[in-house]
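Please assemble the complex out of the two chains, which come individually in their own frames, going by the hints.
Residue numbers (my numbering), protein chains in the order written: chain A, 1 to 375; chain Y, 1 to 108.
To be clear, the hints were calculated from the coordinates, so they are not data collected in a lab.
Every residue, glycine too, gets a C-beta built ideally from N, C-alpha and C.
Treat the hints with care, since some could be wrong.
Stated by the list, open to error - To be clear about the criterion: a stretch of chain A counts as covered by chain Y if any three or more of its residues have a C-beta under 8 Å from a C-beta of chain Y, and this derived list gives those stretches:
1) 156–162
2) 167–177
3) 273–284
4) 287–296
Said to hold, decoys possible - Here are the simulated SDA-like pairs of lysine to any residue, each with C-alpha atoms no more than 20 Å apart in a straight line:
5) K2(A) / L4(Y)
6) K183(A) / R208(A)
7) K3(Y) / D36(A)
8) K69(A) / A112(A)
9) K95(A) / S264(A)
10) K372(A) / N212(A)
11) K35(A) / D6(Y)
12) K32(Y) / Q18(Y)
13) K3(Y) / T189(A)
14) K70(Y) / P81(Y)
15) K3(Y) / S190(A)
16) K374(A) / D315(A)
17) K301(A) / P95(Y)
18) K35(A) / D83(Y)
19) K160(A) / V39(Y)
20) K37(Y) / L164(A)
21) K3(Y) / G192(A)
22) K95(A) / D247(A)
23) K35(A) / K32(Y)
24) K99(Y) / G292(A)
25) K35(A) / E191(A)
26) K99(Y) / A98(A)
27) K3(Y) / A245(A)
28) K35(A) / Q167(A)
29) K99(Y) / T279(A)
Here's the letter readout for the chains.
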Amino acid sequence: MKTTTDVIVIGSGIIGSATAYYLAKNGVDVIVLEKDATIGNGSSSRNGGGVRQSGRDVRELPLAMYGVKNLWPSLSEELGMNVEYHQDGNLRLGKTEAHLAKLKQLADNASAVGLDVKMIDGEEIKKICPYMSDEVIGASWCPTDGHANPLLATLAYYRKARQLGVQYYSSVTVEKLGLVRGKVRKVITSEGTFETEMVVVAAGIGSRPILNSVGIDIPMNPKIADTIVTEAQAPMFWQMLGTAAADFYGHQTEHGSFVFGGGSGHETYAKNPEQMYSTSITASYICRAIGGYFPALNDTKIVRTWAGCHDICSDGVPVIDRIDELEGLVAGCGFSGHGFGIAPSAALVLSELAMGKKASIDISGLRYNRFKAKA
Amino acid sequence: MEKLQDRFADIGEFIPQQDDDVIVCRCEEITKGEIRKAVHEGIFTIGEMRRYLRNGMGLCQGQTCGKMVKGIMARELGIRPMDLTPATARAPMRPMEMKILANDRSGD
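Same shape as in the complex, but just chain Y (with noise of 0.2 Å):
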């Protein structure tokens, strides 16, 4: 989203759902319920979300959960799924032991 964003943009009220309660984020157990309040709170990019709830921050780094974080926001704040920024990817790709990190330099 790198247009001008106006965080007073009128979104409408949260109006509950009926799968509320449906676990979006597995890893760290995020309700579709919880990303969407939080988006009337004022989460409005991939990033707070993440910082805000703790999706995708979990074992499998949201590559399973984040496609569908996006398009729940985006239903919410009335944009396409597009004009969210996806969430940086970072190393590693799979979670790794730190003694197996820390062997980075051959010799030692």
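Next up, chain A with everything else stripped away, as it sits in the complex (with noise of 0.2 Å):
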């Protein structure tokens, strides 16, 4: 068993597997290490697939605007497989005029960094959906957003830094990260303890324990997340959707089948997050809310409902830096519920931290040690 290298990367999602592609095509030496028995198995691959910069915090706002701009359009070809992205613009629906100045609020906050957003009225919005409820009065409308399929994006990352040479070991638990001489050096498992140079931490809600064990704590906690599937339809439509109510999201996928999330207001407070299964009364509220905006998907069945767990970061964004105090940590992590979107510049990013480079995408919102207590 190979246990020396130059990087180590806990977490074998699509941060710590496109992180450890971006360093194999550098040229590193990466050892993935992954707890559960599956590749991704946790936010990686529970999740809309939103590739979405509109209602985004302006801290994670670069990240989602250069992976849009740059990664996301050539990642199939990249990888030599197709993560089905598609650019076909994301809808934030209201249908009151609380919703429409809450989504004017956002709108204008992502105009004034840049981001190309817009409020529509409802019948411009049926000019791009026209399968919307009349209920819809209005949206905000960021032509440039879009989707992926995450299982597909999450196993193509895997895939390809397999096929560069990365080591992956799965069903290996991190017990605790070891210091010599003050710099971070051992990865001590369940199987055993690994060497290396460099440690990035991109396990989720996983990274709390791991960072804990040299004296880091970032403040997340776990959060449930119900998700429902339907059969596959003909195609009706490629935008993303979102709403001011935040009553669900959701797409339709390639295959047909539409991907729909949303909460019943009780997430904070189910059992056992971390064990993800799926609450009983979650399934039944996100049919009911998307009655009420795609009348004609009342007779579509839902094959299969699922349930992921979000790491909340106590702000809201996730850390992406180098731990300061001690030589060769960085950490990735506390992504909140919408890491998917930015996961490659994000990789690219924590690539380049590992590399003892300069950040090339603007991460200075995201730092470890940002966490104050109120004035």
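What follows is the structure in structure tokens.
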């Protein structure tokens, strides 16, 4: 078993696998350690697939915009596998004046930093998506947003990284990090000790105890998220959808099925969120919500429901940073339920940090030491 | 498969077989050859295979092909079928219209 390498990435999700890929592309020797038996079995394979810039916090917007401009359009070609990327716009829907005010605020914030988002009315929405209910009176429209298939994108990075020689071990639990003369040099696991020059922690919610083992804490909590999947339908629309009321989000996949997520409002208090069990009331709630926007889907059958677990950071955006006080440690975690769309650019930056380079995208708002007491 | 899995484990070359074009998952029309080839591309668990090829993700949710996929993968990996963890069963048991599933509250 190979136990010594240049960089160890903890977590085989899309962040970890993409970081491993960008490192391997630069000739760096990498080992990826995964706790689960299955690659990318956390949030990477359990999300709505949004590749969205609109509606984002301005601190992570540079990553979102860079990815949409430079990485997503050529990703399928680069990884040698179709990741089903569609760039057909994002509609964030509103049914009341209060909704429209909220959407306008988000749109104005994003426009101020150079994103093309505008408010449109019910008539214009129907031109883009004719299936919309008359109850929808307005929306924010970002034509450069889109979606991709998270299951395939995650495995595409894994497959390509593996082809480039990245060594993956699954079913191996990281117990703690080990220091040698004040530098992070060891990863102590259920299967023995690995030695390295650099550790990248990209283990979702599992990152917290790993970082705690060397005295670093990132305030984040697990939160359950439920999703429903329909039978395949003839192609209806390719836009990514969200709502001001935050009652559902989703899109139609290339395969034809719709994937819709949403929340009942009790997610924060779900029992054992890290076990990712579907809750009993949420699927029905999502179906009711969608009926209010897309009555045409009322007779469509649900074939499957599933749940995932967000790593919710206390201020809603991730940590992507090099740890100042410990040499050899980089963290990329706390993506808070909107990490998939920014995964390629976040991973590109993590690979740069792990190689000791300067980040090529602005991540100044995503530092690990930004959590201060309220004034 | 709870044991440590070395993703570079030597499972030999992919060797085409005569019945590779037999459809194993009827809902999503996935063949035996596609499943065998995917194992050689690093797809080692049932969960990964479903996400990679969509086998077992259609109308019957793998109730028809689940066992066969497991057998094919185990043979390719050189392990026992029981060493592969089956896919998580997901509600609803049978496909259900959204308007029916939405109607879970009495008195609405």
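Hints, verified against the model:
Here the region 156–162 of chain A counts 3 residues with a CB under 8 Å from a CB of chain Y, which clears the bar of 3, and the coverage holds. Here's how the region 167–177 of chain A fares: 6 of its residues keep a CB closer than 8 Å to some CB of chain Y, so the rule of at least three is met and the hint holds. Given as covered by chain Y, the region 273–284 of chain A passes the check, having 4 residues with a CB less than 8 Å from a CB of that chain where 3 are the minimum. Coverage of the region 287–296 of chain A by chain Y holds. Counting CB-CB distances below 8 Å, 4 residues qualify, and the rule asks for three or more.
Restraint check: the Cα-Cα separation between K2(A) and L4(Y) comes to about 13 Å, which is no more than 20 Å; the hinted pair holds. Of the pairs offered as hints, the one joining K183(A) and R208(A) holds, with about 19 Å between alpha carbons and a cut-off of 20 Å not exceeded. Note on K3(Y) and D36(A): the hinted pairing holds, with a Cα-Cα distance of about 10 Å set against a maximum of 20 Å. Under the criterion of a C-alpha separation no larger than 20 Å, the hint pairing K69(A) with A112(A) is consistent with the structure, at around 18 Å.
Annotation: proposed proximity of K95(A) to S264(A) holds, straight-line Cα distance about 19 Å (limit 20 Å). Proximity of K372(A) to N212(A) is assessed by CA-CA distance (about 18 Å); at most 20 Å being required, the pair is judged to hold. With a C-alpha separation of about 13 Å, the suggested pair K35(A) and D6(Y) falls inside the 20 Å cut-off, and the hint holds. Taking the CA atoms of K32(Y) and Q18(Y), the gap is near 10 Å; set against the 20 Å cutoff, the hint holds.
As the CA atoms of K3(Y) and T189(A) are separated by approximately 13 Å, the hinted pair is consistent with the 20 Å bound. Taking the CA atoms of K70(Y) and P81(Y), the gap is about 6 Å. The hint holds against a cut of 20 Å. For the suggested pair K3(Y) and S190(A), the alpha carbons sit about 11 Å apart, so the restraint of at most 20 Å is met. In summary, the hint linking K374(A) to D315(A) is supported, as the alpha carbons are separated by about 12 Å, within the 20 Å threshold.
A threshold of 20 Å between alpha carbons decides the hint, and for K301(A) with P95(Y) the separation of about 6 Å falls inside it, so the pair holds. Only pairs whose Cα atoms come within 20 Å are accepted, and K35(A) paired with D83(Y) is accepted, the gap being roughly 17 Å. With a CA separation close to 14 Å, the supplied pair K160(A) and V39(Y) stays within the 20 Å bound. Between the alpha carbons of K37(Y) and L164(A) the distance comes to roughly 18 Å, so the proposed pair stays at or under 20 Å and holds.
A C-alpha spacing of about 14 Å is found between K3(Y) and G192(A), which places the hinted pair at or below 20 Å, so the restraint holds. Between K95(A) and D247(A) the CA atoms are separated by roughly 12 Å; this keeps the pair inside 20 Å, and the hint holds. The suggested pairing of K35(A) with K32(Y) is violated, with an alpha-carbon distance near 29 Å, which exceeds 20 Å. Taking the CA atoms of K99(Y) and G292(A), the gap is about 11 Å. The hint holds against a cut of 20 Å.
The suggested pairing of K35(A) with E191(A) holds, with an alpha-carbon distance near 11 Å, which does not exceed 20 Å. For the given pair, K99(Y) sits about 28 Å from A98(A) by alpha-carbon distance, which is inconsistent with the 20 Å threshold. With a C-alpha separation of about 45 Å, the suggested pairing of K3(Y) with A245(A) is violated against the 20 Å cut-off. In summary, the hint linking K35(A) to Q167(A) is supported, as the alpha carbons are separated by about 14 Å, within the 20 Å threshold.
With a C-alpha separation of about 19 Å, the suggested pair K99(Y) and T279(A) falls inside the 20 Å cut-off, and the hint holds.
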